[in-house]
Amino acid sequence: MSEYFLLLISTIFVNNFVLVKFLGLCPFMGSSRKLEVAAGMALATTFVLTLSSASSYLANQYILIPLDIEYLRTITFILVIAAVVNFTEMVVHKTSPMLYQVLGMFLPLITTNCAVLGVALLNVQTGYNFFESIIFGFGAAVGFSMVMVLFASIRERLASADVPEIFQGAPIALITAGLMSIAFLGFTGLDKGLH
Amino acid sequence: MLWGILALIALAAFFGLLLGLAAIVFKVESSPVVEQIDALLPQTQCGQCSFAGCRPYAEAIAAGEAPINLCPPGGEKTVQALADLLDVDVLPLEEDEVLEGPVVAVIIEDTCIGCTLCIQACPVDAIVGAAKQMHTVIESECTGCELCVAPCPVDCIEMIPVKKTISNWRWPEPQYDVNNEQAANIFTTIEKVLAESTHP
Amino acid sequence: MSVSQQLQGIWPFPGGIKLDGKKSLSCQTVINHAELPRELEIPLSQHIGHPAEAVVKVGDSVKKGQLIGHAKGFVSAPVHASSSGIVTAIEERLVPHPSGLPALCVIIDTDGYDHWYDCTALIAKNDAEHNGLNALSAEQITGKVAEAGIVGLGGALYPSAAKLQTARKKDSDTLIINAAECEPYITCDDALMRNRPEEIILGILLIKKVVGAERCLIGIEDNKPEAWQALLDTIQGYQRASHEHDKQSIEIIQVPTRYPAGGEKQLIQVLTGREVPSQGLPMDIGIICHNITTAAAVYQAVYRGEPLVSRIVTITGGAIKKPQNMEVAIGTSIREVLDQAGWHKERVDKIIMGGPMMGFALPSIDVPVTKATNCILVSEPGELPTPPPAMPCIRCARCADSCPMSLLPQQMYWYAKARELEKVQDYNIFDCIECGCCSYSCPSNIPLVQYFRYAKNEIWDDERERNKANLARERHEFRQERLEKAKKAKQEAARLRKEKLAKKKAEDKKNAAAAKDGGSKSDNKPASSHADLIAEAIARSKAKKAQQQALKKNTENLTEAQQKQVNEANERRKKS
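Heads up: the sequence lines are chains A, B and C, in that order. For the first sequence, the numbering used here assigns the number 802 to the initial residue and increments by one for each residue that follows. For the second sequence, the numbering used here assigns the number 56 to the initial residue and increments by one for each residue that follows. For the third sequence, the numbering used here assigns the number 15 to the initial residue and increments by one for each residue that follows.
Rather than coming from a laboratory, the hints here were simulated on the basis of the structure. All values derive from a computational prediction rather than experimental measurement. Just so you know, not all the hints are guaranteed correct.
Claimed, not checked - 30 Å max Cα-Cα, derived DSSO-like pairs, lysine-lysine: (1) B:Lys218 / C:Lys71; (2) B:Lys219 / C:Lys86; (3) A:Lys895 / B:Lys82; (4) C:Lys71 / A:Lys835; (5) B:Lys219 / C:Lys482; (6) C:Lys470 / A:Lys835; (7) C:Lys558 / C:Lys482; (8) C:Lys431 / B:Lys219; (9) C:Lys502 / B:Lys187; (10) B:Lys218 / C:Lys470; (11) C:Lys502 / B:Lys218; (12) C:Lys558 / B:Lys187.
Please build the complete structure, drawing on both the sequences and the hints.
Following this line, the structure appears as structure tokens:
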């Protein structure tokens, strides 16, 4: 059990997908201008990452390995993830308009996100089992969400701060992201300590 | 190799079928985005965006057929709001002349011949009158779209700025600039004092 | 009535600042009467809500206290002539307002006689002791207050009758009389309390009766001991005279001098410990608050039948020769008032209406004294220095410490500056009372309160625009629908006509055939068909009319103002 807990903690903090592994940078920079948008994005990503790590595990285990066509992994994963997410989006749209308001806009955006594919491929590479895959996907998503919300809050404040003219807009955002990344380096070794 | 291709085709076909079916089963009428966009537009129905009114323009934006910067009455505020809603970049407003505040139509009553052409042109029924009777504009309903100006055969409709009164007067934004001259002077004074104290 | 003298029941409000009162400048026992000016300029809107509508014409002769503008709507107040004379104009003139924009005024050329209009009092003063008061109904009093054009004279300018009526419906248990007068320089309430304590107490009793409150608390800052003593003596006098022992009836409580103790919500908290909910009214917690000057005005209306035609104005500041309190007829130009008090024209720095904290610089001194004018402050250079240019916010949080509403001015400032209006609202900007404590305490001289006013205005503007857009959308959609209907009806009519025509043709053919058959019958046939046609046409036109009536029009749900505009246009049409 502590194994799973450690895996979760290390994916959230130590191997944070955005700030340490530099995956999923497009939504990180692109939709972090407003806290509400960032929170919606974070929720949608959590949903997609968890779902995709489960579905890609199943696709790998029950289609690719039996047929011995692992070299088609990337393209299969893209297909499976895109299809599953789109299907879910349609169901959510029909059944729960409230939830769709929160997630709807972002779901199609992140289906082909590098973080999503990254999680699926890393799962297979590290040889996680089904449950571990889900934990890994979920942990990655929580890490992503946390960073998203933090970053968006900082950017909201930056929007009304007296930033020197040449640094306004993207430059100060990138600087902020860099500083956050450095801060997250501080978590390195945390999982070893916990051992 | 062959197995691989076949398996992939089968998988793709399965998901294609699933999604196609889902699109029919879980179909949702009317996208809420149109409503949201329409709510942000100023509803002048002026047609300056080249569409037949605010709603058609909203539909065009939602369908991705029109840019968000075609609405002069809404001004930069509307462009900003649309950019926020759709999460796209703010575009500079496309307009020939900058509008100076809101305007309303006024009919010069001496000249009016009562042809009812402006009544037919008004998108919000803000003009009252009858054939061969002088017309008049209900000021509070007029959106300032200028659609009534062109049809008038005797040019008796003028667009005049809404009068500034105490009830619609607003406090101006405080003028506050850190980089202004006086502030700069204070900084230089401080620097001078510091310099003097370190190098006696 | 009983009086409690000890400082019990003081619950300090958060924040606030200590200010140099500067009250001794104008603080005298005498209230001077300003001379009647040659011309009075009386604005029709001296209150919150709809402006009054003029009921006099140019050339009319009016007497003091005569109605010249009647109230329009529930939240509105009438306006009266403040002296006798002749109406020379009803036109737009400059009024005391920060915008410097003109508003509709009634101009009266005074005749100098100052003749009163026939004013009937509800009860005589010597009848006042309880018997007289008991004979009055609450409706009578409210009616008289409405008639007299009394508005909240503490600065809110909300029509008092409307407030009283709402408070009556809401079962308020506590009446609070605001005598704090916390702004520096201003002493008009102080002077009123020293000179006319009896009027005030009688006025309070009237208000109390209308509201039906069990207890009444007068809150007065402890820097006005003479006024406090005067009120106390009067209350005790009445207590002795009436031999009544209902304790807790009227209590006068001294509150620590701390700006803004005279803020409605702050005073309520200090006196009762109850806090008015965010964006709520005192009535929501069973409290109604009136200013002490309003109470005096209520007395004058009920006991003397006099409408609100004059008020006490503090004329003060370093550039005034003899700072004092003056009773000024409403409509007197501020220039004349200043001339009478005497002022060093060469030493004038700023001319402010109201106090230094919440007042505003007058755009001109050729504006009239209104019901809102409590103080005219003419400062000399160096007295009220213009703040140096604003510097960046250093996040010291002094503004938050001084905010009497426990808001976070620095957050609101960031968002107001970045025009993030939703965020500003999240920080409860609408609870801001614009007291100016934050701006005063800011070491960077940031004009915080100006930013908040601006942000509030922007939010209202946005909302108004949104409402207008919604209305336009509704009207447009309605029009589309109507045009669609009309089009369909036309098509339907065309179809019917065609069918009829075809039928008729067929019949004609038949008739022709019949005519061929036999001669005698066919003679009267065309005649009868002609009559049929006429009847049909009549029926058709009737149907059309009915249809047109059935089609609703956008002109149906017009507001009063819009209807008026239409009617005016119709009038003009008839003339031309």
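Structure-based check of each hint:
no.	hint	in the structure
1	B:Lys218 / C:Lys71	holds, 25 Å
2	B:Lys219 / C:Lys86	holds, 22 Å
3	A:Lys895 / B:Lys82	holds, 7 Å
4	C:Lys71 / A:Lys835	violated, 59 Å
5	B:Lys219 / C:Lys482	holds, 17 Å
6	C:Lys470 / A:Lys835	holds, 22 Å
7	C:Lys558 / C:Lys482	violated, 34 Å
8	C:Lys431 / B:Lys219	holds, 25 Å
9	C:Lys502 / B:Lys187	holds, 26 Å
10	B:Lys218 / C:Lys470	holds, 21 Å
11	C:Lys502 / B:Lys218	violated, 41 Å
12	C:Lys558 / B:Lys187	holds, 21 Å
Hint violations for this structure: numbers 4, 7 and 11, all remaining hints satisfied.
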